[in-house]
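Protein chains: 2
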Amino acid sequence: MIFGDSKAPCAELVVIGDEVISGLILDRNSQYLGERIHELGIEVSRITTVGDSASIIEDCVKLALQRSEWVILTGGLGATHDDITKSVLLKVFECGLKKDAKVAGMLEAMFQARGRGREVPESVRSQCEVPEKAEILYNEKGTAPGFKMLKGKSILFSLPGVPLEMQYLFEKYVAPEMAGHGNKVFLHRLIKTTGLTEADLWVKVGSLEAMQEKATIASLPSYLGVRIRISVLAESKQEGEQRLDEAESFLAERLSRYIYGKDEETLEEKVGDLLREKSLTLATAESCTGGLIGHRLTQISGSSDYYKEGFVVYSNQAKMDRLGVEPRLIEEFGAVSEPVAEAMAQGVCRVTGADIGVSVTGIAGPSGGSDLKPVGLTYIAVHDRSGTHCRKFIFTHDRVRNKERAAQAALNLVRLKIQEEPGA
Amino acid sequence: MIFGDSKAPCAELVVIGDEVISGLILDRNSQYLGERIHELGIEVSRITTVGDSASIIEDCVKLALQRSEWVILTGGLGATHDDITKSVLLKVFECGLKKDAKVAGMLEAMFQARGRGREVPESVRSQCEVPEKAEILYNEKGTAPGFKMLKGKSILFSLPGVPLEMQYLFEKYVAPEMAGHGNKVFLHRLIKTTGLTEADLWVKVGSLEAMQEKATIASLPSYLGVRIRISVLAESKQEGEQRLDEAESFLAERLSRYIYGKDEETLEEKVGDLLREKSLTLATAESCTGGLIGHRLTQISGSSDYYKEGFVVYSNQAKMDRLGVEPRLIEEFGAVSEPVAEAMAQGVCRVTGADIGVSVTGIAGPSGGSDLKPVGLTYIAVHDRSGTHCRKFIFTHDRVRNKERAAQAALNLVRLKIQEEPGA
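Read top to bottom, the protein sequences are chains A and B. Per our numbering, the first sequence starts with residue 111, numbered consecutively. Per our numbering, the second sequence starts with residue 111, numbered consecutively.
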């Protein structure tokens, strides 16, 4: 537990919507708010999710106001939801409605701009009616305004459920207010690794004693690699950043080559940066990954500068026709083999003129395996003018994840190839 | 509101974990449970998410037991979490621990099989200690057993937070018990469409009056298409399925060609089924989608039967070298143009011998646009022996979504090409 004994102020979230509670949509708002509020030094103590039921919402809001300094509601403000949140607020805060001229003006302007005729639809017009006791959070991104209301020592914010609008109003109105109230600064940083299991990673890191006073370090394993979260609760942002830097250096010394990035940085971004830095080009030859490596590389804007070309060579014929893999290699070793992976990586460089070629051939599953070549068996080769390296993997997930793991491992081998050859 | 006035029994979820409440991980368990419990005819009234704080968890569990017939806890059972949920259960149910020999045996067998030595680690051994008053939910998928405990008229289930383990224990122990208690059957079906906006879809559907008594019909728009959810609350499964069928026929008559599948079915699966059915093969020529279409096609096991080959031809040179696109077309019309898209689709058929070729060329963004050719401009062509069809799109999202929309539209055009030529 990070915050249990601190005297940080406390926030609660109330998430409103039948579509959430019945599992029809996945609630991502709570994650966004949980993370942002934590960053602002405020502890989130509870998140309560309820359907569109006025009595249950009322009960939740009242309880939350008794317990917590900050109460954030999301959802139930749209015209399609019968404005259920608004009517609950009128009861809890014991007030009526008033018309807000600025909201009315914004709605008219919005509908004129959309060219839907001059009239604001009847269903939307009710959005101008706001609780008398509310301060209005003007919503430039949609039709539902948010509200700020005070009760005793508590501040309530009611935000729409549409993520874009919720985030906009949170960042514009709620976060600045919270930033002034948190008594500490909570900061965190993600260090991203791949190629090590969680257990092996901790063996390499060794004792955390030197870091114990400075930061909390936690590992988050996934099938694409282990992320390490460093978090600090500091007196100031400056002090916090310094402690994060120290912890990051501590980890970098111990894990060096396994770390590919931090925070939002992706492996394809890192590979792209390295290729650009060294003025190198890359080509891909994918069998079982089916185009996923190319897809990931081209998620990055400007990837045409270094990603030369890709081949999805699913069949043996395509491996021979497109990349010049010799038929005898396939006959002798099979399509899923080290010699074929190497020939694919070499072939894709030869055919395209790229500096680096990466190839993947494997059995993604669920069918196609044998005793000698089980499902998940995958060979990944990287070729450049210094030579060809091939690695064998056996992935043990389902088809979709085996493809993802193979693409991740392939991008990582390209990264290592570039990073470990400073002269290239 | 679907269930507001029914007298259905009521369930609450309590989600436990600092990692959830602080936004470090996205809680997908609630969605899974919300949907499954609804399907079993039981209303989920609240989901409360709390951190690893014993006093808050205790408070939540007690409140939930007072309010609801069914209380499901997830999380806080792992050895790393200091077994906080278990210690709360001891307090709430006023009992001590006992050792469960079957759990102990399972743990020993599990660690022996993993080859981690014969010893169960000290940290894991505490999992054999279970609340005296609990019925044990034996976990074949992990080290933490679940618990079933009774209080007054309420039944509490405590499940681990790891999704795989949670789902396993829910389906094995909880769902069968719930199935016998729901007084109605809640069923739903998703109808998946693409190629129509939500507004246009409802114009085509027209009045829902004929369906009003039979089913609730709701639309769920996304940038890849609109899904329509049909839901019914019925006296029996048979009656419910019949009403779902009626509503589905009603929609199929009105939306025919826009519907590509239902429930879990994906567009790539549908395309694969159609290709296999007609013994046709497909090849892809991707520029801005970078391999995403190939990746999606190869998500389906057995796709090598019909997916012949793919080219990621990001550069002009690759379009010419690989697919024989004439340089003068690129010079005259530019790489992002109808003639080039058509030449790519024709070229990929010629080079690979596939029956159908699909090509995409576009400006994914955020850079690379101009007044004449804005970001998002995308041409998609489909070629077969009957001819070549090209469609122009202007996608208005960010790079990642523009790529996804282009891949979706390309797969959909392939689907339509096959479906509309019964003689092919």
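Treat the hints with care, as some may be off.
Pairs count within a copy or across copies, as identical chains cannot be separated in the list.
Stated by the list, open to error - 20 Å max Cα-Cα, derived SDA-like pairs, lysine to any residue:
{"no.": "1", "residue 1": "Lys208", "residue 2": "Lys251"}
{"no.": "2", "residue 1": "Lys483", "residue 2": "Ser411"}
{"no.": "3", "residue 1": "Lys251", "residue 2": "Pro331"}
Don't read these hints as lab results, they were simulated from the structure. Just so we're clear, the structure is a prediction, and the values are computed from it rather than from any experiment.
First find the shortest C-alpha distance between Lys483 and Ser411 inside one copy, then the shortest across copies, and answer within, between, both or neither for a cut-off of 20 Å. between (38 Å within a copy, 17 Å between copies)
Taking 20 Å as the upper bound on the Cα-Cα distance, should Lys251 and Pro331 be classified as within, between, both, or neither? between (36 Å within a copy, 17 Å between copies)
Within, between, both or neither: how does the pair Lys208, Lys251 come out at a Cα-Cα threshold of 20 Å? This pair counts as neither: shortest intra-copy Cα distance 22 Å, inter-copy 57 Å.
Violation of the numbered hints given earlier is confined to hint 1; every other hint is satisfied by the structure.
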